[in-house]
Amino acid sequence: MTEELLRERLSELAKSLIDLSPRNPLLQSNTRRRILAVQDPPLEQLWTKLLENGERFLIVPEEWDDNSEITEKEKSFEARAEWLNLIKKARWSKYPRVEVSLPADRLFSNLKRLRRRVLTLYHDAGIWTLFLAFGLLRWTPGRRIPGRKKTEIWESPLFLVPVTLDQGAPGEPFLLGPYEDGETQLNPALLIYLQEIEKLSLPEIDLDTTAIKEAFEKIAETVKERGWKLEPVCWLNVFSFYKMAIYRDLTQNSERILTHPVIKAMLGADQVDLKVHTDIDKRSLDDRPCDEIATVLPADSSQLEAILRVRNGESLLIHGPPGTGKSQTIVNIISDAIRHGKSVLFVSEKRAALEVVLRRLRHVGLEPFCLDLHNYRIKRQEVIKSIEQELNSHLKTAAPSDRLLARLEQRRNALSEYVKAIHTPFPPLKRTPYQVIGRLSRLPLPPSSIKISIDVKKLTETKLNKIINLTQSLVPVVNLFREGPTFPWWGLKEMIFSDAARLELVEHVKRLEDAMRQVKEAIGKICQSLCLQSPGNMKQVYDFSSLIKEFNKLPSLPNGWIKVQDFDKWLALVKKNIKFLEDLNELQKRVSRFAKWKVLLSLSPQEIKRYQQVVISISSNLPKNILKQPLRFLLDRHADFKILPELLEKARCNADSLRDKLGLLPCQNLEDLQRTSVLAEAIAKGTVFEQRWFSRDITPQCFELYQQFVVYFNEKSLLQQRLAQEWDKDLFALEPGKAWETWKCWHGKLFRSLNPSYRSLWRHLKHAYRGKRLLPEKATSALSDLLRIKELEV
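In this note's numbering, the protein residues as written are 220 to 1013.
Just so you know, not all the hints are guaranteed correct.
With beta-carbon atoms standing in for the labels, derived distance ranges [unchecked claim]:
| id | residue 1 | residue 2 | range |
| --- | --- | --- | --- |
| 1 | Leu585 | Gly532 | 20 to 28 Å |
| 2 | Gly532 | Lys639 | 25 to 33 Å |
| 3 | Asn684 | Gly657 | 14 to 22 Å |
| 4 | Leu477 | Glu601 | 15 to 23 Å |
| 5 | Glu417 | Arg334 | 15 to 23 Å |
| 6 | Arg252 | Glu423 | 55 to 63 Å |
Below, in silico cross-link-like pairs of lysine-lysine (DSBU-like), each with a Cα-Cα straight-line distance of 30 Å or less [as the list claims (entries may be wrong)]:
| id | residue 1 | residue 2 |
| --- | --- | --- |
| 7 | Lys268 | Lys331 |
| 8 | Lys604 | Lys268 |
| 9 | Lys604 | Lys462 |
| 10 | Lys313 | Lys268 |
| 11 | Lys561 | Lys501 |
| 12 | Lys729 | Lys744 |
| 13 | Lys268 | Lys432 |
| 14 | Lys448 | Lys437 |
| 15 | Lys313 | Lys437 |
Note that these hints are calculated values from the structure, not bench results.
Ideal Cβ placement from N, Cα and C applies to all residues, glycine included.
Please take these sequences and the hints and turn them into a complete structure.
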């Protein structure tokens, strides 16, 4: 491609930056785009106060009068009504008014949307787009616009003054003021269109020394020959022409730009003398001196390679998904350039990218070397002042000490040796630790009870393949290991089965069948005698045999309890008088409806009878409609009270008859009556007592033992209750003296899942076992309570 073609290509790209169609408000600002037109003050007065005096104006709606009343339509919108009321307050009277051609019900919402739009674009891209347009040129383009049927009249703004639209707080009035960092200029899009297409050049006007009226007259004189008109109007709108600066750079510096090899390659040149892509060995990066690459943030080999290529003057593209360290690499590139005395221009389309890099540079202490050109919070004068301060501060930088560099070199060498060891193959497998660890991480975890003894140092490829083949051969019988000891042939070690062994095995199986049949018949008889259900499988048989063994360990009953003559006599007596138990139960049910049974236990039958007569008398003489609780409650149970004496008398007679046969005194109260019922129930169940027990021929030592037993029994009940609140009930089956040692022995094995007692201790004991600390308080308390329960049982 020739130089001429490159120039044409560059010119086409430059023109594509500018929209020269009527869609551009810089060329066509019709009435719809001029809704925020200024009606008052006059154009010249507004120009002078805004640019020369720097005054700020309070925006008010059309035909505004501070003394006028707010209409009902304006009151319907609360925010708008509040805004109008604030304008009338004295604090806003110091600002001159600028009247806009919109009623109050539309002005507030339009200004609100306009301000939000301008600030959003400025925060994102650092571009100010709010301008006050002075003067309107009505003109007709010399060529017909494609897609248009007839020639149109375009209305273009002339002078663009950057302004601000401030609002102190939501709902407060809007203030219009000059934007100090912007420049007043003639419409750049209009200038380019007239020069490139209409071949018309507008006169150069120095707006700092020329009045607005005189500027209008010069332009009107220039366009008069073409029949175009100039109107002195003013309106507020958003105008974006930031690409005009790029267009000027491309057109004014085209010859210089075309000499750059990268630009020529982008334009499509055939042969471009680009810098050769140098080869950088990533493994040799750690061999370079530590102070050669000035990185202020961590960097891997790919990032260090990018830093070196940029330093060598190569053009490159760094791409990657979010979070892969692109901005971190940019910070290191900037710091390395500063280290070698270079300047860096960091450009981004979005303000957010600039903020990320600037924040990282500020964090590592490189902020004094940075100049933020697009910070909307800082004014131009503040930037100039900061540059002056940095120039006068004579910033001193100290090179890192030799000791620090030596420590850094040592740390880097240690890390490099580690990486080298990870990726170095070792015999006899000739595989790296990285490959072995990666392979192991993909394999499932083996059962904790299976251990394979392998000498890793002598492991060869042949031995490894043999182990793999043997492991694969175990796949069909893996269920055998899952069943464990419950598998019928578990523990069989015979490897060769002859005919004789097979016959012997069949004989053993037949004997086993006979033995199982005998066991089943014997256990069936035992279960039938004990009114229990027979076991359904071998596990239940083993459990039942354990139960019988424990039952045999129980102490036998005294001989005097099972004397046939006494037992038969008492049993006949109880059967004869057992009716009184039914009467007593019926009595308790009826009495519990209206009185506490424990209170009545201390009353004699005569006292209960007198109490009954009084209640019946009261309930019979009082009218029912005037009774209240608890008298009505008693009245409703009138029938129960009438039958109460009869039931008590019958129960007392039957109880006294039994007590007389047993050599006991007659019942004195209901408590004696209830004790007799307990004794009768025990005899009915087959319990036999010594005759001398009822004659109270018992030594005082027996009563002392009984009282001690009651104390121990209550203590055991309290301990069991306290343990049951925190632990499982099966914890009581543990041997407390061996609990801790057994736990450490079986920790991590299948036993802890088979024995719920040990699983209940897991929560508190695992910390002590793993961390080699003292037992937690709860676990210690549980073991001590358990030990005390065992002592009480003994």
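Distance restraint hint 25 to 33 Å, applied to the beta-carbon atoms of Gly532 and Lys639: Roughly 32 Å apart at Cβ, these two residues keep to the hinted range, so it holds.
30 Å limit on alpha-carbon distance, applied to hinted pair Lys448 and Lys437: holds (12 Å)
Given pair status - Lys744, Lys729, alpha carbons within 30 Å: Cα-Cα ~23 Å, so holds.
Pair hint Lys268 and Lys331, alpha-carbon separation not exceeding 30 Å: holds (24 Å)
Range hint 55 to 63 Å (beta carbons of Arg252 and Glu423) holds or violated: violated (27 Å)
Whether the CB-CB distance between Glu417 and Arg334 falls inside 15 to 23 Å: violated (36 Å)
Satisfaction of hint between Lys432 and Lys268, Cα-Cα up to 30 Å: holds (15 Å)
Lys313 paired with Lys437 [C-alpha distance capped at 30 Å]: Violated, at roughly 36 Å.
Distance restraint between Lys313 and Lys268, which requires alpha-carbon spacing of 30 Å or less: Holds: Lys313 and Lys268 sit about 14 Å apart, inside 30 Å.
Pairwise beta carbon distance, Asn684 to Gly657, judged against the given window 14 to 22 Å: holds (19 Å)
Pairwise beta carbon distance, Leu477 to Glu601, judged against the given window 15 to 23 Å: The hint (15 to 23 Å, Cβ to Cβ) is violated, given that Leu477 and Glu601 are roughly 38 Å apart.
Pairwise hint evaluation, Lys501 against Lys561, where the allowed Cα distance is 30 Å at most: holds (25 Å)
In terms of the numbered hints stated before, the structure departs from hints 4, 5, 6, 15, listed from lowest to highest.
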